[in-house]
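Novice: Protein chains in written order, with the working numbering: chain A, 216 to 455; chain B, 16 to 314.
A portion of the hints provided could be inaccurate.
[To be verified] Sample of chain B residues lacking proximity to chain A, with all beta carbon distances greater than 10 Å (derived): (1) Met119; (2) Ala132; (3) Leu143; (4) His239; (5) Ser253; (6) Ala267.
[Stated by the list, open to error] Cβ pair distances, simulated, as ranges: (7) B/Gln201 / A/Leu340: 36 to 42 Å; (8) A/Leu310 / B/Ala136: 56 to 62 Å; (9) A/Val436 / B/Leu24: 35 to 41 Å; (10) A/His328 / B/Gln153: 23 to 29 Å; (11) A/Ala295 / B/Pro126: 47 to 53 Å; (12) A/Thr379 / B/Arg33: 26 to 32 Å; (13) A/Leu340 / B/Arg33: 45 to 51 Å; (14) A/Val381 / B/Leu24: 58 to 64 Å; (15) B/Gly203 / A/Leu218: 30 to 36 Å.
If you're looking for bench data, these hints aren't it; they were derived computationally from the structure.
On a predicted model such as this, the values are computed, not experimentally measured, just so you know.
We put the beta carbon where it would ideally sit given N, CA and C, even for glycine.
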Amino acid sequence: MSLVVIAETFRRHATSLAYFGYLGLLALLSMGVSLFDRPAAAWPSLITLLALVTGSGAIGPEFSSGTLQLILVKPLTRVAYLLSRVTGIVLVIWLAAVVCAVFEIAGRAFWGHSAPITAIGSGLLNVMADTVLAVSLLALLGSITRAYFNIAIYLFVLIGLSVTEVVLGFIRQSGNALGQFLAQHTGIDRVVIAIESNLFPDAPTSLEPRWMVMVLSNAAVALLLACLAFRRREVPYGAD
Amino acid sequence: MSDSGVEVLSLRKSFRSRRRTQEVLQGIDLVVAPGEVVGLIGPNGAGKTTLMSCLLGFLHPDSGTITIGGRANDDLGVRRRTGFVPERMNFDRGATGGILLRYMARLAGLPHAELDARCTAMLERLGLTAAADKRLSQYSRGMLQRIGMCQALIHEPSFVFLDEPTSGLDPNGVLLVRDLITEQKQRGAAVLLNSHQLAEVEKVCDRVVFLHRGVIQRSETLRHDDHIVVAVTLLPGSIDPGEVERIAGVAAQNDVIIVSVETDAAIASLVRELVSAGAGIVDVRRHTADLEGIFRGAT
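Isolated chain A (complex conformation):
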């Protein structure tokens, strides 16, 4: 990996006005949710949203903009570049997550509430792992598409799997031939649920090592596939 690329990726995101604005919003929100009983209540979802927005720019848009060509002639392997980009983006997201956790703890102290450090810490670690998976999946999709198609495919699959689950449930309950077939072959449901829970897992309320290992393993597989695709991908530029 390249520290130069990690630092530049971090700088590029962390110095943007949009990021600062979002960070400010997250800090205020974290102070606000500290008034409620449930720790790490709202901000993890917003951190996941940040992961989707920043992760979508990991590699896909660079194909279209032509930025990549400047990098690919430098003494840096494509795999190292991809992994460094992902690391830089993940660090930016983690910074925002840490800010949220710190502001929630500070808020609870400010309002005179108890600060359940363990629960907030668990929420923080869970969302950190979750964002690694989200960014890795976006990097994988970005390495095989152009521009922001990666986020479009990501959302399409996310929504598509949920819709598929609901549709399968309706068909099963209808009692017709297809419904009976689905009732007899529960494996189809299990496959859809397994895909959804592997790609878009719901974070547990506490720290669960098995969940963490699953999420990070899936992220590693996504990154491996992204590296394989990116290594062989052609990067045309300009036109004759």
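Using the hints provided, position chain B relative to the given structure of chain A.
Specialist: Structure of chain B alone, referenced to chain A:
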């Protein structure tokens, strides 16, 4: 690492779509020696950008070999010694020119201790010192071209690939790029210049290859190491043709003498002799291939 330049042998590249396969490069053989500037010219769709993309590793050739400095073109050691100026500079437009340059220099492996001095010198050389802290979004096309040259040359590469480096530049910028290309040649770098600006190609290139429909149709040497070809235009009727032949060793055609000499001093001597013999000299210039003629004839 070997000091050989850029060598391309039997390079083929095609693009496949559902309906058809288009062979864009059909067996390219090309050598760019160290210290040589080779111009790549040809009409739109000839395959120039595809060739450049294959050389730089953006595209994977179907067959053939590319070696740069005696190694594969994706070798990291080769890339450490490679500079590339794209036709259009695309980078994070929120970054300043200075930040871009530092980033590129660090990626190119420039030692940290030399970074500041090299960046400052390069920005000054390209006339961008005042714009170093400006965002790239505020840069004009010409300024983007200049920063593109900066990032490509800051680490003094041995292999330089330039894609339309003068497009969008004002006359001063064009002169600057010309000087920079000459400096790279004098340093011993192998330079491949892809350009539609035939006049520029003629001024800076030692050799030009004409690419058409995926094949190199013609290769013309514009400059020789051991002699200079000069065209001397005479005032019509100012000197006897036999006298011209006696002095220059060749007959004038349409009042133009094209003669090969060894040194610049020999040019001055020839002109002096002609003037002494009563000739009126209208023009003296280095004679190169007629690129426009080649271009028109082949397309």
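Novice: None of the hints should be skipped; say for each whether it holds.
Specialist: Outcome of the hint check:
1. Remark: the non-interface label on B/Met119 conflicts with the geometry, its nearest Cβ contact in chain A lying 7 Å away (cut-off 10 Å).
2. With a least CB separation of 18 Å from chain A, B/Ala132 remains clear of the 10 Å interface cut-off, as annotated.
3. Remark: the non-interface label on B/Leu143 is consistent with the geometry, its nearest Cβ contact in chain A lying 17 Å away (cut-off 10 Å).
4. The claim that B/His239 lies off the interface holds: its Cβ sits roughly 30 Å from the closest Cβ of chain A, which is beyond the 10 Å cut-off.
5. With a least beta-carbon separation of about 48 Å from chain A, B/Ser253 lies farther than 10 Å from that chain, consistent with its non-interface assignment.
6. Every CB of chain A is more than 10 Å from the CB of B/Ala267 (nearest about 41 Å), matching its label as outside the interface.
7. For the pair B/Gln201 and A/Leu340, the beta carbons lie near 59 Å from each other, so the given range of 36 to 42 Å is not met.
8. A beta carbon spacing of about 35 Å between A/Leu310 and B/Ala136 contradicts the range 56 to 62 Å that was offered as a hint.
9. For A/Val436 paired with B/Leu24, a C-beta distance near 40 Å keeps the hint of 35 to 41 Å intact.
10. A/His328 and B/Gln153 have their C-beta atoms about 48 Å apart, which leaves the hinted 23 to 29 Å range violated.
11. A beta carbon spacing of about 20 Å between A/Ala295 and B/Pro126 contradicts the range 47 to 53 Å that was offered as a hint.
12. The supplied range of 26 to 32 Å is met by A/Thr379 and B/Arg33, whose beta-carbon atoms lie about 29 Å from each other.
13. For the hinted restraint 45 to 51 Å between A/Leu340 and B/Arg33, the CB-CB distance of approximately 48 Å keeps it satisfied.
14. The hint said 58 to 64 Å for the Cβ distance between A/Val381 and B/Leu24, and at roughly 59 Å that hint holds.
15. The supplied range of 30 to 36 Å is met by B/Gly203 and A/Leu218, whose beta-carbon atoms lie about 32 Å from each other.
Hint compliance for this structure: hints 1, 7, 8, 10 and 11 are not met, and every other hint is.
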